[in-house]
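Residue numbers (this note's numbering), protein chains in the order written: chain A, 4 to 398; chain B, 582 to 764.
Hint data in this document are derived by calculation from the structure and do not stem from the laboratory. These figures come from a predicted structure and were not determined experimentally. Where hints are given, some of them may not hold.
[Said to hold, decoys possible] With a straight-line Cα cutoff of 30 Å, these simulated BS3-like cross-link-like pairs (lysine-lysine) come out:
| # | chain 1 | residue 1 | chain 2 | residue 2 |
| --- | --- | --- | --- | --- |
| 1 | A | K352 | A | K321 |
| 2 | B | K733 | A | K352 |
| 3 | A | K325 | B | K733 |
| 4 | A | K58 | A | K352 |
| 5 | A | K58 | A | K325 |
| 6 | A | K352 | A | K325 |
| 7 | A | K58 | A | K321 |
| 8 | B | K733 | A | K58 |
| 9 | A | K352 | A | K328 |
| 10 | B | K733 | B | K672 |
| 11 | B | K733 | A | K321 |
| 12 | B | K672 | A | K325 |
| 13 | A | K328 | A | K58 |
| 14 | A | K158 | A | K321 |
| 15 | A | K58 | B | K672 |
| 16 | B | K672 | A | K328 |
| 17 | B | K733 | A | K328 |
[Stated by the list, open to error] Ranges between beta-carbon positions, derived for each pair:
| # | chain 1 | residue 1 | chain 2 | residue 2 | range |
| --- | --- | --- | --- | --- | --- |
| 18 | A | A188 | B | W726 | 49 to 55 Å |
| 19 | B | G602 | A | A188 | 56 to 62 Å |
| 20 | B | R718 | A | R246 | 35 to 41 Å |
| 21 | A | A304 | B | P745 | 50 to 56 Å |
| 22 | A | T46 | B | R625 | 27 to 33 Å |
| 23 | A | H372 | B | D629 | 19 to 25 Å |
[To be verified] Partial chain B-side listing against chain A, Cβ under 7 Å, derived:
| # | residue |
| --- | --- |
| 24 | A606 |
| 25 | S607 |
| 26 | N608 |
| 27 | L638 |
| 28 | T642 |
| 29 | V644 |
| 30 | P650 |
| 31 | L663 |
| 32 | Y667 |
| 33 | P694 |
| 34 | I720 |
| 35 | P730 |
Just so you know, even glycine gets a beta-carbon here, dropped at the ideal spot from N, CA and C.
So the chains spell out like this:
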Amino acid sequence: MTVEASTPAGERMTLNMGPHHPATHGVLRIVVESDGEVVARCTPDHGYLHRSIEKIGECVEWPMFVPYTDRIDYVCAMNANLAYCVAVERLLASDPATTVVVPRRAECIRVLVAELNRISSHLIAVGAMAMDVGAYTPFLHGIAQREAVNDIFEKLCGQRLTYNYVTIGGVAFDLHDGAVAEIAAFLDQFEREMQRFNRLVTTNTIFRDRCAGLAVVDAAQAIAWGLVGPNLRGSGVDFDLRRDESYGIYGELDVRVPKGEAFAGRHGRQGDAYDRYVVRLLEIQESVRLCRAVLQLLPPAADKPADPLGGHQAEVSKILRKVPKGAVHVRTEAPRGEMGYWIVSDGGKVPFRVRCRTGSFTAAGMFQHVMRGIFLADVVAVIGSFDVVVPEIDR
Amino acid sequence: MTALSHEQIAAAVRSVCPEVGDQRASNGRPFLHVPAAAVADVARCLRDDPALRFDALMDLTAVDLLQFPYTPPRDDIAVVYLLFSYAHRHKITLEVFAPRQACAVPSVAAVWPAAIYFEREVFDLFGVTFTGHPQLRRILMPDDWQGHPLRKDYLYPADYHGVPHLRDGQSFSTSPPRAEGTS
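So that you can see chain A by itself, here it is in the shape it has in the complex (with noise of 0.2 Å):
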């Protein structure tokens, strides 16, 4: 590691957190020179989880890459599954002969998985950011949740944590018997958890005067830095792709987004890391309420119950034999933001290119500017704050 001319080398402490630091989020290692407490520079040192996901994308066939997309973000596979399939529909949709419609019963359903996964990634995200401040209690609470959301999804398609269930053209099996009944239930008692949960740390003094003016991000910072999803909205920006270019029956829901108020009070400011995670909580309570609008919005199961979802996916996977040629740039509101497809085909049954732009590879390009000048303590927290999840980071 160089170290900058302006100080001499020696007086400079060089920290070496990770690759396997139970801080970090996954394989991550971040090199920090500090001044005695203070950061003086951070340098993130990326590809541990490197598994050429991209390169992938290359070599198999369009339907084949939807289980890699589980591993590109593992925290929220359903999502990730959602991002890739809605880009290749969108492409598909380029030619009238090989336009696919998604049956309203499956749309319903991927809005209900989606949300559901993005309660329980959020919840892994709040839980982990107050183990990273030093609260381990907070984190087992999430994860108890986050057990719940998991049994849903196991009775839904058998996987707990990638789920290869989102298809392209629709969803993979119908909702298991009782799962409406099922979801309901979990909705009810998972809110009075989280009053619970807000109790312990939200409110807690501790926990909010520490995350108070924590790393601040003005809003013009985020933009330029190519923040997305719950960071850019912690510093205020009023952007949300479910609403603002909308995807599925999205366009249907009451989309409310929150944003960044500096909740933390007096010593809060806009866009600090306890805006982040308030603005995460805030859109657990929005993703409830959307799990609630779309079960009403549910249609009845088909009669026949050996496709219950309209039986077209042989269809679908003739048409995806022969994928119209041209490229497609669809982004999707993942929990850790924008998780945009750019897909180019050349007319076969195998992309052409697939590259997937996800929220924690520019949260992560961000480090080495908010790092600088912060405490030595607070690295984690504000890596906490930045939810950034490697895999996603690394691909």
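Fit chain B to the given chain A structure using the hints.
Just chain B, lined up with the frame of chain A:
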């Protein structure tokens, strides 16, 4: 907040750089073809013109055009800039064709800091050199890796520091299988 159409944005860009070409992908997706030397100027104009105000770089990536069914075939690396304006809520796509042998494009990191990471990734995986980039080095692959994996003519190495990538009897094809028999 006034969203402009692709044509209006193209006209505004052409007043700064007349060589910018207006093109469409096979499926009708419009994009602007910018000469490599002009990309930094065009970027600055797109960001600073009050009617355009492209304040965000949604994504910066690349596509290797080798093996792409162009007529006539071309073997450039296409660097793709996907821009968005939070102020006006409009979008534009820029494409810069860089020759694969001497692949150099001016960096836009001074215009949008988000490009610092995006350009490092394109440098790492496609071997495009971004001139003027503050810290151009590999980001995902190890620093001593040979070659740029997302190029279509990339050869899979047999080993890395003596650790073989293949079990006995296996072999890599030199490039990933293309859509043989697309019917």
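Check your understanding: Under the criterion that the straight-line Cα-Cα distance not exceed 30 Å, is the pair B/K733, A/K58 satisfied?
Key -> This hinted pair holds, its Cα atoms lying about 10 Å apart.
Check your understanding: Are B/L663 and chain A close enough, Cβ to Cβ, to be under 7 Å, as the hint says?
Key -> 6 Å, holds
Practice item. For the pair we were handed, A/K58 and A/K352, check the Cα-Cα distance against 30 Å. Key: 15 Å, holds
Exercise for review: Compare the distance between the alpha carbons of A/K352 and A/K328 with 30 Å, and conclude whether the hinted pair is satisfied.
Suggested key: 11 Å, holds
Exercise for review: Please verify that hint: B/P730, Cβ, nearest Cβ of chain A, below 7 Å or not.
Suggested key: At 6 Å from the nearest chain A Cβ, B/P730 passes the 7 Å test, so the hint holds.
Check your understanding: Has the given pair, B/K733 with A/K352, been kept, meaning a C-alpha gap of at most 30 Å?
Key -> Holds, at about 17 Å.
**Study point:** Proposed proximity, A/K328 with B/K733 (alpha carbon, max 30 Å)
**Key:** The hint holds at about 18 Å.
Review point. Okay, B/R718 versus A/R246 on CB: inside 35 to 41 Å?
Key: 39 Å, holds
Point to revise | 30 Å limit on alpha-carbon distance, applied to hinted pair B/K672 and A/K325 | key: Judged against 30 Å, a Cα distance of about 29 Å means the pair holds.
Point to revise | Evaluation of the interface hint that places B/L638 against chain A, nearest CB under 7 Å | key: Constraint on B/L638 satisfied, holds at 6 Å.
Check your understanding: Hint check: is the beta carbon of B/A606 less than 7 Å from a beta carbon of chain A?
Key -> Interface hint status for B/A606: holds (4 Å vs cutoff 7 Å).
Practice item. Given the range 56 to 62 Å, decide if the beta-carbon distance of B/G602 to A/A188 lies inside it. Key: 59 Å Cβ-Cβ, so the 56 to 62 Å window holds.
Hint compliance for this structure: no hint is broken.
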